[in-house]
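Enquirer: These are the residues of each chain, in order.
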Amino acid sequence: MTTTIAANTPAAIERRAAWWLSYGYALIAGLALGHFLLGLPVQLTDSFGNMLKLSASWSDLIYGEFTQHAYLRPLLWANLKLVYDLSGGDYFTWFRGVHVVQVLVLAVLYVALVRPRAMLDAALLPFGLAVLFGMHTFAGTVREAFPINTFMTVLILCFVAAIVALAPYRWWNDVIALLLFVVAALTVETGLLVWVIFVGAALVGARGVSRAGLVGLIALLAAYFYVRFAVFGVGSPGLVERSSGFGFGVLDPDDLVARFGASPIPFYLYNVVTSAVSVLVSEPTAGVFRVTAAIMRGDVDLPMVMNLVATISVTAVIALFAWRRRDAWLARRFERDDQLVALFAMVLAANAVISYPYTKDVIMSPAGAFFAVAGFVALRNVLGWLPGRISPGMATAAIAGAALVSATWAVRVVGTHLNLRTGALVERNEWVYAESSLAEEGVTLTDADKVLLRTLRDEAIFVHPPPPPLELPFTALWRAE
Amino acid sequence: MKVHPSTAVAAALLLPICLATAAVVWVAAGERAGAEPFAGIVPQNSAEAAALAHAGDLLRFLRLGEDPHAVYAVRPAVISSAILRATTVEAAMWSRQVEMVKLLEREGAIDGNQEREALACLASDLKIDDVVEHLAPEGVSGCAPGQALARVAARTSSVGGGQ
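These protein sequences, in sequence, are chains A and B.
The numbers in this note's numbering rise by one with no breaks, and the one at position 456 of the first sequence is 458.
The numbers in this note's numbering rise by one with no breaks, and the one at position 44 of the second sequence is 50.
Accuracy of the hints is not assured; some may be wrong.
SDA-like mimics (lysine to any residue), calculated; alpha carbons at most 25 Å apart, straight line [claimed, not checked]:
#1 B:108 - A:68
#2 B:8 - A:83
#3 B:8 - A:391
#4 B:108 - A:432
#5 A:83 - A:117
#6 A:452 - A:96
Rather than coming from a laboratory, the hints here were simulated on the basis of the structure.
Start from the sequences, fold in the hints, and give me the full structure.
Expert: What follows is the structure in structure tokens.
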């Protein structure tokens, strides 16, 4: 009886409405993004080479990961192999389908993490999701695939970890925490952030995982490094692994070795610092100071300015929230929103450290995703602190500023979709020239490899022709995308 | 009724993003329903695909049986209002990409020295140096400047002959 009354109070009704509106909006936004994802074929770059390896046996595939240099990602391959085997040759449906499901799951988890409690929260949720989908660090999680995007997998695991860490304690939370860590850490290196989330949440008062669970996580992290470095000697990526942004350009591995081979520490420090700054400011991106270079050349364009305004505005709101809450934090009184903002700071720092070998926007995608979480919770608190009466001038300025910032994020989130549509054509063109480009690279294909190549090419060109290119009004807004 | 400032600011934050999301959802739902809202130029034949450098579409049209030497109608937005009829191999020159020419060669659409020379002349008129070099490594000698381009343009004013 009490429950019935409580459920029908205005506050409870508002809470339910906010819940439905938020999840409904997230699903619609996720489905729309999923539609654009389905316009992409299975890619030649990054995907075809990986798929050639998937015909190997499970044991060869996974054991091989423990005996190679630089990367330890056995569950990435297990994940790919599972979908590859389940697909029965219908690669587009399965790999693209998984990607769409991942986007939907991520959108739903975002709502679960930020917990809209009132209609004001529900009204701010589109802004939060726009930050999530519009961040430059997010683009790589949808535009690329291997042919499953492992960075997207890690985003999902990180959000699940945060939800479990901030939940009331249940004995199975410990089991979930340990499993999440193992799966994430053995999928891709940024999966180690799951550990940071569980331990970081405990440091700011979250009790979702018990002390025993945390000890187990610490033991697993130690075991991970022991196995990686001492048992299998996998090591970590060196300067020769891939190109990386530096200053105003991109350095190839040979250039990196020539410049930093004797002492790579300054280069690693550069990567850590610029990776963190990139999330907070959107400059540099992938280690390259493009906007700064444009300012020096005197040819800054509107999309560049909008990107900076969008990101710096959210950073400013998070900073304002942290400043206003500093006394409570120093007294170690953390509410859920404090914990989420603190988690963002910890994920940002740890993610930047993990990015030390080379810079790539998508590696910072977990920090970018938590930036969207922190931005949302900071914003709802900052709005809540606004006094009921302010001068007309102040009110006008606040409304105009909010509309401007919202417009910049609207452009960015549309840009994410347009980027996918452009990719739909680019990827198909790559398939047309696949045989000649692989031959030019000196790649020799077996008969079975050629069958797979033709299957994927035919799927991309004949079975799933490209969706139409889009011509939106105000195209200059997306020139830099 | 006075609106609380936080409500007004939230509305200002909500509106632009909801409009953007509505546009994206409109495109997605429209395309699922078979419409093409905000669609740009979609090639309608192999000549248009070649001119737009849509390699995948070009290959698809050719595999569907289109003749790369037949003259097709080309919409003004694809090349220009002066070139409204062209063969697929001719239209490929307007892509300004040597890869398109190589693709047509791979598909057996460019055969014989005479055709290569005619296309090299057209590429020369369009000042696409890498295509000229690819089609006529020894250089173009037998074509009067502007003649190949004029020949293609002349079809625009003629009636019939296209598909």
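Enquirer: Hint check: residue 8 of chain B vs residue 391 of chain A, CA-CA at most 25 Å. Holds or violated?
Expert: 10 Å, holds
Enquirer: Residue 452 of chain A and residue 96 of chain A: Cα distance at most 25 Å?
Expert: At roughly 21 Å apart (the allowed maximum being 25 Å), residue 96 of chain A and residue 452 of chain A satisfy the hint.
Enquirer: Tell me if the straight-line CA distance from residue 83 of chain A to residue 117 of chain A falls inside 25 Å.
Expert: 35 Å, violated
Enquirer: Under the criterion that the straight-line Cα-Cα distance not exceed 25 Å, is the pair residue 8 of chain B, residue 83 of chain A satisfied?
Expert: Violated - the C-alpha atoms of residue 83 of chain A and residue 8 of chain B are around 60 Å apart, more than 25 Å.
Enquirer: Holds or violated: are the alpha carbons of residue 108 of chain B and residue 432 of chain A at most 25 Å from each other?
Expert: 14 Å, holds
Enquirer: Assess, step by step, whether the Cα of residue 108 of chain B is no farther than 25 Å from the Cα of residue 68 of chain A, and give holds or violated.
Expert: Given pair residue 108 of chain B, residue 68 of chain A is violated - Cα atoms ~43 Å apart, limit 25 Å.
Checked against the numbered hints above, the structure breaks hints 1, 2 and 5 and satisfies the rest.
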